[in-house]
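Engineer: The lines below spell out each chain.
There are 2 protein chains.
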Amino acid sequence: MDFNHKKVLITGGLGFIGSHLTRRLVGLGALVTLVDSLTPECGGNLFNVNGIEDKVKVNVSDVCDARSMQYLIQGQDYLFNLAGQTSHMDSMEDPERDMEINCRAQLSMLESCRKYNPGVKIVFASTRQIYGKPDHLPVDEKHLLRPVDVNGIHKIAGEGYHILYNNVYGIRACALRLTNTYGPRMRIKDARQTFLGLWIKRILEGKPFEVWGGEQRRDFTYVDDAVDAFLLAAASEESNGKVFNLGGREVINLRDLAHLLVAVHGGGAFETREFPEDRKRIDIGDYYADDRYIRADLGWEPKISLREGLARTLAFFREHEDHYR
Amino acid sequence: MDFNHKKVLITGGLGFIGSHLTRRLVGLGALVTLVDSLTPECGGNLFNVNGIEDKVKVNVSDVCDARSMQYLIQGQDYLFNLAGQTSHMDSMEDPERDMEINCRAQLSMLESCRKYNPGVKIVFASTRQIYGKPDHLPVDEKHLLRPVDVNGIHKIAGEGYHILYNNVYGIRACALRLTNTYGPRMRIKDARQTFLGLWIKRILEGKPFEVWGGEQRRDFTYVDDAVDAFLLAAASEESNGKVFNLGGREVINLRDLAHLLVAVHGGGAFETREFPEDRKRIDIGDYYADDRYIRADLGWEPKISLREGLARTLAFFREHEDHYR
Chain A
1 MDFNHKKVLI
11 TGGLGFIGSH
21 LTRRLVGLGA
31 LVTLVDSLTP
41 ECGGNLFNVN
51 GIEDKVKVNV
61 SDVCDARSMQ
71 YLIQGQDYLF
81 NLAGQTSHMD
91 SMEDPERDME
101 INCRAQLSML
111 ESCRKYNPGV
121 KIVFASTRQI
131 YGKPDHLPVD
141 EKHLLRPVDV
151 NGIHKIAGEG
161 YHILYNNVYG
171 IRACALRLTN
181 TYGPRMRIKD
191 ARQTFLGLWI
201 KRILEGKPFE
211 VWGGEQRRDF
221 TYVDDAVDAF
231 LLAAASEESN
241 GKVFNLGGRE
251 VINLRDLAHL
261 LVAVHGGGAF
271 ETREFPEDRK
281 RIDIGDYYAD
291 DRYIRADLGW
301 EPKISLREGL
311 ARTLAFFREH
321 EDHYR
Chain B
1 MDFNHKKVLI
11 TGGLGFIGSH
21 LTRRLVGLGA
31 LVTLVDSLTP
41 ECGGNLFNVN
51 GIEDKVKVNV
61 SDVCDARSMQ
71 YLIQGQDYLF
81 NLAGQTSHMD
91 SMEDPERDME
101 INCRAQLSML
111 ESCRKYNPGV
121 KIVFASTRQI
131 YGKPDHLPVD
141 EKHLLRPVDV
151 NGIHKIAGEG
161 YHILYNNVYG
171 IRACALRLTN
181 TYGPRMRIKD
191 ARQTFLGLWI
201 KRILEGKPFE
211 VWGGEQRRDF
221 TYVDDAVDAF
231 LLAAASEESN
241 GKVFNLGGRE
251 VINLRDLAHL
261 LVAVHGGGAF
271 ETREFPEDRK
281 RIDIGDYYAD
291 DRYIRADLGW
301 EPKISLREGL
311 ARTLAFFREH
321 EDHYR
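Each protein sequence line maps, in turn, to chains A and B. Residue numbers 1 to 325, in the numbering used here, belong to the letters of the first sequence in order. Residue numbers 1 to 325, in the numbering used here, belong to the letters of the second sequence in order.
Quick caveat, the hints were computed from the structure, so don't treat them as lab data. It is possible that part of the hints are untrue.
A pair counts as met if it fits within one copy or between any two copies, since identical chains are not told apart.
[As the list claims (entries may be wrong)] Taking lysine-lysine and the BS3-like style, the derived pairs with C-alpha atoms no more than 25 Å apart in a straight line are:
#1 K7 - K242
#2 K280 - K133
#3 K115 - K280
#4 K242 - K303
#5 K7 - K57
#6 K7 - K201
#7 K133 - K242
#8 K115 - K57
#9 K133 - K55
#10 K242 - K280
#11 K142 - K115
#12 K142 - K242
#13 K201 - K6
#14 K115 - K242
#15 K7 - K115
#16 K207 - K133
#17 K6 - K115
#18 K55 - K189
#19 K207 - K55
#20 K189 - K242
Source: prediction; values computed, not measured.
The following block holds chain A by itself, in its conformation from the complex (with noise of 0.2 Å):
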C-alpha cells in the first residue's frame, strides 16, 4: 500500500472514522483534502485533527453541494466518501433531509466523479443497517437487505449507486459494510452514532448507563482495524465492483459488553431495561458479521482486542472528553 504523495479525498473527514483515515493517510505521505459539513448531528468535529491541522487541507462544505464537490473532486487519486448521516431517529423524524444526505449527495459526487474525474478509486462506508433482522448468523454479504429504517433504504441506494458506476462506467467503486464501530473520537454526546458512545460518556460523568434488552448478541470493530479495511479495499483492484462485512474480533452480548466496559474503566454502573415500544418494533435481535470476503480477497484482519480497544478508548476520553460534549 503505497498513499505516498498520492491524492486522497475524504468525506467526512472530520468525523470519527474520517479523522482516524486522514492521521493514519498523512503519516504515509499522503496529500488529503477533508471535506465536511460540520453539521451538528452529524459527526465532524475540529478537534479530530488537532495537531496535523497544517497537513490537511480542510474544506468545510456540505457534500450536497454539488459545486464544490465537481471542484474538489479534480485531481484526486481516491475518494474515502464516509459523509452521511447515520442516525436512526434522525431518518425517521426527517426523512427527506436523510434521502438529500445518502442518496442525492451520494449520486451528485458519482456525478462529479464521472464528469471530472472517472479515474478516481472510491470506497464508501456502507453498514450492516442495511441487512436489518438477520435470517441466519452469522451474516455474509448475500443476506436479503431488509432495512428497519428509512437510513438503512438509503443507504442500500448509497451503495448500489457506487456498485452500479463501478459497473456501468468504469468508475472503480467498493463498498465497506460496517458493524458497531468505536474508538476514540467516537462522538458520545448521544446515540446517533452506536449506544456505546452515550455508555461511554456516562460512564465517565460517573452515572449509570443504561442497557436496552442485554441479549443481543453483537460485534465490535476497532477503528484501528476499520481505517485499515478502508486502506486495502483502496489499494487494492481485487474490491472493485465489491461489497465487504467487516467484522470484530469477539462477538459479545450487550450486558457481558457492559459488564466489560465497568471492569476496564475500574468502576461504574448500568441498569438494564426492557426496550422502549416504538423500539423494540424496529430491534433486529442479535447481529453478527461473517467477514471471510474481506479477509480471503484483501488480507484484512482485525488487530485489537474489545478488552484493549475500550481501554483506549476511555483512556482517550478521560483526557479529551471537554471536545466531545
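Please build the complex by placing chain B on the supplied structure of chain A, with the hints as guidance.
Structural biologist: Chain B alone, transformed into the frame defined by chain A:
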C-alpha cells in the same frame, strides 16, 4: 372483493396499467380519483379514460407535489401507487430527476398517508428490474437485488419505504414486482415501458422492427391479469407488508415472441441484431418469475395467453393508434 362505493386514489392513473385499473374499478362501483402529471416521458394519456371521463375525477398534478397529495389522500380507502419513471435511459441521463420521482415522491406520499390517512391500504407498483441479472431461474422474491440502473436502485427504495411504513407505522401496504406488462393502451411511441411497445408500433406502420439478441427468455403479463393482481392485493389483509412477483402464462425467448407477433398480426418483418455495446453491459439475459407466492397467498392466476393478449393488443392499436403516437 367489494369495491362498491369505496374511495380509491390511483397515482399514474392516466397511464397504461393505471387506466385499466381505473376502468375495472369504475365498473365495480368504486369512486375513483386519478392523479397524473401528464409528463411527456411518463405514460399518462387522456385518451386512456376516453368514455369514462364523467365517472372519474382527474387531478392533474405531480406526485412530487406534497400539498396536492396531502389533500387528495384524505378519506381514501385505497391507494394504488403506480406513478413513476420507468425508463432505464432517462434514469441514467438524469439520475437526480429519477430520484425525485421514484424516491422523494413516494416518501412524501407515505408521509401524507401517515399524517392524514393512516387507515388507507396501499398497493405499490414495483418491478422485476430490481433483481438485475438472475443467479438462478425462475426468480423468487428471496433473490438478491442487484439493479443494473439508477431506476432499479430507486425502485428498491420506493418498495422499501412502503414495507417500512407497513411495519413501523401500521399503514397497510404491499408491493407487486411487475414483469413485462403489455396490452391495449401501453406506451408504443418508444421503448420507455417495454421494447414490445416499439415492436407493435413498427409492425402497425408496416416497418420491420428490431430484435436485440433474441435468445433471452422472458415472461409477459397481460394487463387484465395485472389488474386482477392489484385488486386481489388491495382486498386481502394477507398481502400486508409483503412483496409479490407477477409472472405470466408462458415463458418465451424474444425471437419466438417476434415470430408470434408477426403470426398474430398476419404479416410483418423483423431484424435480429447484436446488442449495442452500452446496453450489453446491463443486459440481464434470461428472466422469468417464480410467482407461486401470489398464486398461493392471494389466489392470483394469469388467464390470458400470450397469443390472445397480443391479438387484443394489436386489435386495439389498429383502431386507436393515432392517440398513441
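Engineer: Please list, smallest to largest, the hint numbers that this structure does not respect.
Structural biologist: 6, 9, 11, 13, 16, 18, 19, 20
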